[in-house]
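Participant: We have chain A already, so just place chains B and C on it with the hints.
Protein chains in written order, with the working numbering: chain A, 113 to 265; chain B, 985 to 1271; chain C, 274 to 683.
Be careful, since some hints might not be right.
Claimed, not checked - One side only, chain B facing chain C, incomplete, derived with CB under 7 Å:
1) Val998
2) Asp1000
3) Phe1002
4) Pro1026
5) Phe1045
6) Gly1046
7) Pro1083
8) Arg1090
9) Gly1131
10) Met1229
11) Asn1232
12) Leu1239
13) Arg1246
To be verified - The calculated label-pair distances, taken between Cβ atoms and stated as ranges, are:
14) Ala546/C x Asp1018/B: 31 to 39 Å
15) Pro1264/B x Val570/C: 50 to 58 Å
16) Leu258/A x Glu1146/B: 14 to 22 Å
17) Ser1267/B x Gly179/A: 36 to 44 Å
18) Gly139/A x His1174/B: 33 to 41 Å
For the record, the hints were derived by calculation from the structure and aren't laboratory data.
Note that the coordinates shown come from a computational prediction; the quantities given were computed from them, not determined experimentally.
Just so it is clear, CB atoms sit at the ideal spot from N, CA and C, and this is done for glycine as well.
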Amino acid sequence: MQTIEQYLPEHPFFAGLGEDVIALVAGCAVNTHFRPGEHLFREGERADTFYVIRHGRISLEVRTPAGPPVVVDSAHADDVVGWSWLVPPYRWLFDARATEETSAIAFDGACLRGKCEADPAIGYALLQRVVRVMSDRLQSARVRLLDLYGVRA
Amino acid sequence: MTALTDRDRGAAPVPDPFLPRPFVVRATRQDTRDTHTLELEPVDGEPLGFAAGQFTMMHAFGAGEVPISISGDPARPEVLVHTIRDVGAVTRALVHAQPGTVLGIRGPFGTGWQVSSGRHGDVLFMAGGIGLAPLRPAILEVCAARGDFGQVSLLYGARTPEDILFGEDLLGWAGDHGIDVQVTVDNGQHAWRGRVGLVTQLIDRARFAPASTLALICGPEVMMRYAALALADRGIPKTRLRLSMERNMKCGVGLCGHCQLREFLLCVDGPVLTYDRLEPLMSRVEL
Amino acid sequence: MVDTRLIDLGGLQALIDALRSRGYTVIGPTVRSGAIVNAPISGLDDLPRGWGDEQDAAHYRLRRRDDDRLFGFAAGAQSAKPVFFPADELLWRARRTTDGEGYAVRPGHDDDGPAAEDGPPYALIGVRSCDLSAVGIHDTVLAGRGFVDAHYAGRRAEAFVVAVACSDPSGTCFCVSMATGPKPESGRGAPFDLSLTELIDGGDHRFVVEVGSERGAAVLDEIVAAPAAPADLEAADHVTEQAIQRMGRRLDTDGIKDLLYASVDSPQWDDVASRCLSCTNCTMVCPTCFCTSVEDVTDLTGSTDDRHRVWDSCFNADFSYIHGGTVRESTRSRYRQWMTHKLASWHDQFGSSGCVGCGRCVTWCPAAIDITAEAAALRGAPGSNLPEHDPLRAGTGEAPSPSTPTPPAE
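One chain only, chain A, in its complex shape:
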């Protein structure tokens, strides 16, 4: 079984980061596991964790008054979940629920923020990667807003 430090360089999000940086951020991380149906976090809770998915599947959902929650995104092996740990007031804006046996690495947000503030170069490197994830997700959301497969009257 690989340690977190051995696993991280293989993950696309951490590609290109030096060994010392990996060692530093690994210090903020623990292995986690979720059973099917278990929530990683819920809307409104304090957002202080950054998840890297190793195996499994996560639904990102929005609860609505009538009917089951709508799934607006999904995260799978090699995806990352959560950037609210970077954005005050550090609060989750949706639910994240495992729909399969899911193993993930959870980084403590406060710990990561501390490392970034202490060494802005690390902060910039992490921010670049987070921004890239956000940009992909934003573009995906915007184009889905067009409802291209829907029928316009």
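Facilitator: Okay, now just chains B and C, sitting in the frame of chain A:
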């Protein structure tokens, strides 16, 4: 020099491309809330041979005529298969046609996918919504000669899980023909276990060698635009990216002028065109 | 060696009579409702003797000439287009079969429509060189590529064409710029059977007739036409030379395709859109416009379905409608489409310009929009009657040509 001057009286009459051939509906299947698949047979028994990617003009008596891509197997031309989405008066009439109804068919028309030109390399199919239907014949063509191709992937985006077409085919292509089938939906329901997101987000996980990949893309124009851009960024040559374009068609035979995209008449120069020719045209508004 | 003959007014009447006796419906220019309009004729008295015209942007008037010329005017309100390519064509008729499930289709015929007694075959008298070029363009577009319009091809094959060289170009004529006139030439545009140049000097009203086909020669032999004398030929050449000098407009065609392709984002389109009413007059009077739509006409019992093909226009609001919306919703985009097609993409599609310089779109535009002025504006030049200006800036890097016209099987 045309053949019109001093033409012989009594020479063979010019074939009339506007006359429909009668085809009878043999079977109909509801695929999704608004989409049906019809199986048709020619009344005169003459099979309609076609190339994957071509379309016919389908006429419903008293309702009108619309272009619909053929969604059947090119190796089985004796059955004409069309997957039709109800978006207007004519398609509504077609979608509700029961076995025994006669429809008028003209065609096949247009340029095809020419998936055989992807032999000895990788093939990437990208489908959005109803766009999977015009790609289906090309996918079947690849399945029939699977050994001639390398990595074959299908990336398919639908609106919701209930809008996914050809579910059994998808399983068969993945299970029996070694095609990497990845499906995503724009928004999912609680019970959906697959991916949620835009179809272009599936590209990163697809396995293909860009320089020797043929990519065939079909779906709403915005989806095709983003998909082509993403695939070109990944290194697939623009001449190896083929898109199926759509414009208003009235005649299907290049005579009425409706389906023009600048110099291209989509019913004869298309609907399948390569991205190198389309890129400057797709980036303009109201062209 | 070109076969040229001479006929007088009596000879022209005899020509019309000979054509009628061969079963042709003879169509020629007539005066109607203050304009020159093509209609069936039976003789010289039906022709616009002594009539001329004044044409300019949004301006058309007939005027009385001080001579008796039969063809002393420029482009009439319509070209030859409606003769071979009617505004409403019955493509086929479908009738439900007795079991109610199927239906039988039979091709439409000209005698299915109104005015069957003035039906084909047609002999056209007085076709101008620009319009002859336009018919030649339609021969390529409608009958010279992969799919052939069988109705058009049938009418064209049977038609007899008597062309006429222009003596009095109008204020909107620019056939010289488009290399389509003012004198019909064998091998340019659609073929003619006979081509007339009207001479009226010194009281001798006569016509130099150029023979363009065996069929034309045969009709001339029947009415007995003597060879033209060198003096008459010279006089005919002079008619053409002075017509060339009197063009009303100019259109610089140098690099025009690249210019239009490169002008896709030009602010000039906003300028013309502020004036264009999208009324479709230009496409109706244009001799090369060919866009059509189809309509299914049914009866109340639901047992009949007639399919008609009708003229359409890219200026119509729903021309480019696809489910989900209209591609060209703004007038700006529609004007740009029309002009780019006419002067640029036509080359890639059909191997020639789509414009023959007849000037009708300029004359009949209620907003006085002038295609020659718009082309000049896109070049950045102030007007269309100025001498040569700067070379064109670079184009968009054009795409390779799509399907090129294929000649039909012989």
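Participant: Going back to the hint list, which numbers does this structure go against?
Facilitator: Of the numbered hints, 4, 7, 8, 9, 10 and 15 do not hold.
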